Every structure is written in structure tokens, then in C-alpha cells.
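Enquirer: Note that the protein sequences, when read in sequence, are chains A and B. So the first sequence is numbered by the numbering used here: it starts at 1 and just counts up by one. So the second sequence is numbered by the numbering used here: it starts at 181 and just counts up by one.
Hint data in this document are derived by calculation from the structure and do not stem from the laboratory. If you're wondering where the values come from, they're calculated on a predicted model, not measured in any experiment. Some hints here could point you the wrong way.
Listed next, with one range per pair, are the computed distances between beta-carbon atoms [said to hold, decoys possible]:
#1 148/A to 273/B: 31 to 41 angstroms
#2 335/B to 34/A: 36 to 46 angstroms
#3 5/A to 331/B: 47 to 57 angstroms
Beta carbons are placed, not taken as given, at the ideal position from N, Cα and C, and that holds for glycine.
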Amino acid sequence: MSVFAIFLTYLKIGCMAFGGGYVMLPLIESEFVKRLEIIEAEEVYELFALAQSLPGVIAVNMAVFLGHRLGGFKGAVAAACGVMIPAIVIITVIAAFFRRFAEIPAVQSVFNGLNIAVLAIIAQALWKMAKSGVKDVFTAAIFVIVAAGSLLTGFNPVFFAIGGTLAGLILAGRGKADHA
Amino acid sequence: MPDFLLLVLEFLKTGIFAVGGGYATLPYLHDMAVRYDWFTLNDLSNFIAISEVTPGPVGINMATFAGYLTGGVCGGVAASLALVTLPTALILLLNHFIPDITHHPRMKQVFYGLIPCACGLILAATVSLLKNALFNFGDAVTAACGWALFALLVFLAFRFKLSPLLLLLIGGVCGLLLL
Numbered sequence: 001m002s003v004f005a006i007f008l009t010y011l012k013i014g015c016m017a018f019g020g021g022y023v024m025l026p027l028i029e030s031e032f033v034k035r036l037e038i039i040e041a042e043e044v045y046e047l048f049a050l051a052q053s054l055p056g057v058i059a060v061n062m063a064v065f066l067g068h069r070l071g072g073f074k075g076a077v078a079a080a081c082g083v084m085i086p087a088i089v090i091i092t093v094i095a096a097f098f099r100r101f102a103e104i105p106a107v108q109s110v111f112n113g114l115n116i117a118v119l120a121i122i123a124q125a126l127w128k129m130a131k132s133g134v135k136d137v138f139t140a141a142i143f144v145i146v147a148a149g150s151l152l153t154g155f156n157p158v159f160f161a162i163g164g165t166l167a168g169l170i171l172a173g174r175g176k177a178d179h180a
Numbered sequence: 181m182p183d184f185l186l187l188v189l190e191f192l193k194t195g196i197f198a199v200g201g202g203y204a205t206l207p208y209l210h211d212m213a214v215r216y217d218w219f220t221l222n223d224l225s226n227f228i229a230i231s232e233v234t235p236g237p238v239g240i241n242m243a244t245f246a247g248y249l250t251g252g253v254c255g256g257v258a259a260s261l262a263l264v265t266l267p268t269a270l271i272l273l274l275n276h277f278i279p280d281i282t283h284h285p286r287m288k289q290v291f292y293g294l295i296p297c298a299c300g301l302i303l304a305a306t307v308s309l310l311k312n313a314l315f316n317f318g319d320a321v322t323a324a325c326g327w328a329l330f331a332l333l334v335f336l337a338f339r340f341k342l343s344p345l346l347l348l349l350i351g352g353v354c355g356l357l358l359l
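Chain A on its own, in the form it takes in the complex (with noise of 0.2 angstroms):
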């Protein structure tokens, strides 16, 4: 598969994926695995778990796995590329009226109700996060001593995200409901 077609291919993933990562796999599925022929399902759910374990931002990820095993280093560039350019772009435009925008009353309005949602779904999102991260008394306590701590202190969340780690491969292996 040609450098330019991964970029094109991947370019309209980013303008189809409207919520980001998860939305994706199912775009990707249809375009790369149904239309194009060029790689199997099965491999295409090996590479987005691993996307999803790493850090960053997962559909990224995913599109420098996926460039990578099509087109090689330039391949994996080129899917990048084409996944972040359509967000950045559309971005960069409402970004530049936003400011503006915001100040009239009846977008407040909207906007007030808007942030109420944006509660709704981050609580979803996060609840879906901790049933598979938060399995027993350790990972508990973690998830507990970290909210308390980062609302309490105010710390840099590195600090937290680094303690997290050390106590990941202290605590390992000891909690009850671990299957690792």
C-alpha cells in the first residue's frame, strides 16, 4: 500500500470519527480490513489494544501501529498525519471565533448546559475506565489515595502518575482478584 494512499485513507477516518478512539475502530475495520483487503480483523484488535495500553492519545497510536506494519516508518507518519489534520484544522477555525462567540448570553446559556453534559460524560467514560482498571483492595486503594490527594494538594498530576507507576510494579501479583 502506497505512502500517499495510508495518508488518504486515514484522512477520512479523521473526518468521519465524531468522539475519538473508540469511534475509530469501527471506521477503521470497515476502510482498511472490508474495503481495501489489506490486513486482517484479528491483527487489527491485537494493534488497537496495544494503542489503547500505551500512553497518548489512542486513535494516534493506533494510526502509527497501523501505518507502520502497512507503509514502515514513512507509513506510519502518513497515517498520523491524516488522522490529526482534519481535528487541528476544524479546531483552529472554531477556536478562532470562539472567544468572540462565547460572549453572547444566549451561547452562555447553551454553553452552561453544555458543561453540565460534558459532567454526564466524563462520569460515563470514566466509570467504563475504573470496572476495568480498579479490581481489587490495591488498585482500590490507589484510585482513592490519587483522587483524594490530587483534589487535597493540587500536586502535578506526574507526581501521581508516577507513584501510581512505582506502586503498579510494587503491588503486582499480591491483590486477590489478580489473574496477572
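Put chain B on the given structure of chain A with help from the hints.
Expert: Below, chain B alone, put in the same frame as chain A:
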């Protein structure tokens, strides 16, 4: 321009520490909103709403938005590129040296601690956004409407698993009419 350099450094850091996708960048953006005068908590909440109704990865949308408000078009592009640089380099290196990284036992141990930690950080940032969204109303009637809307949306999100797009639609319409 030192602000620009700081912006790039902050997003490089966010990229490598944000694990779990989607809202994993939220605690780091929240930290920036509190620490610098680049954008406010209210702006951050608005980015999320806009990121959900526009195509593209939520993390890239939020980075572009935050970067734009900090440093214009260049700021938006730089923040997005900074966000993905280190994870991309990491993936290319891993692909080269350890092809089967997710099955590596050390990785499992790291994520055992890191995922609940990321959940805790997101919860803390969300509480802060909640204070901003629900404790700043001008009068008691509006506040009551706001809390009722919050209860309704949480109920719809968990009981009927409504999509983010529908939740935003309901929130936006009710906001226009009531808030």
C-alpha cells in the same frame, strides 16, 4: 517567546504521562488551567463539549484548542504535535526492539498501578469542573435548574447509556431554555 516553549514542554509531558485515552489528558489540562493564565476552567469545559461534537481524536481536539487560546494557530499546531511526539517515538522504538510489548509482564505491572491512578486523577479534575459548572449560578432558581439538569443527564447517561452527542444536545437545549 518563553510561553510558547512552556506550552510545548507541558504538552510533551502530557503526552507521555496520559495513559488511558480520551480523557486521560484532562488532569494535565486542568493543571495548566490552574497553574497558568492560558485558559480558564470554563474554557476547558467548553473544549470538551466542542471536542465531542467535532470529528477527530478528543485529545488532539483539546490540545489544539488549548494551544490556540495560548498561542494562536502556531500554538494549536505545536500543542497537538507535542502531545503525540513522545508516544509516537515510543511506539516506533518498541516496534523495533520488543515486538510483543503488551504481553510483557513488566508492562502489566505498570498498568496495574497506572490505570487506577489515571482514574483517580480524572475524578479529581472532574470534581473541579463540577464546582465550576454547578456552583457559580447567579440565583437560587437557576442553580436548582442546573442541579436538576445534572441529575437528569447522569441518570440518562447511566440508565439508558445515551451517547455523548445526545447528552450534549439535551444539555445544550435545556441550558438555552433554563440557565
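Enquirer: For each hint, tell me whether it holds in the structure or not.
Expert: Here is how each hint holds up against the structure:
1. 148/A to 273/B: 31 to 41 angstroms: 36 angstroms, holds
2. 335/B to 34/A: 36 to 46 angstroms: 37 angstroms, holds
3. 5/A to 331/B: 47 to 57 angstroms: For residue 331/B against residue 5/A, whose Cβ atoms are near 49 angstroms apart, the range 47 to 57 angstroms holds.
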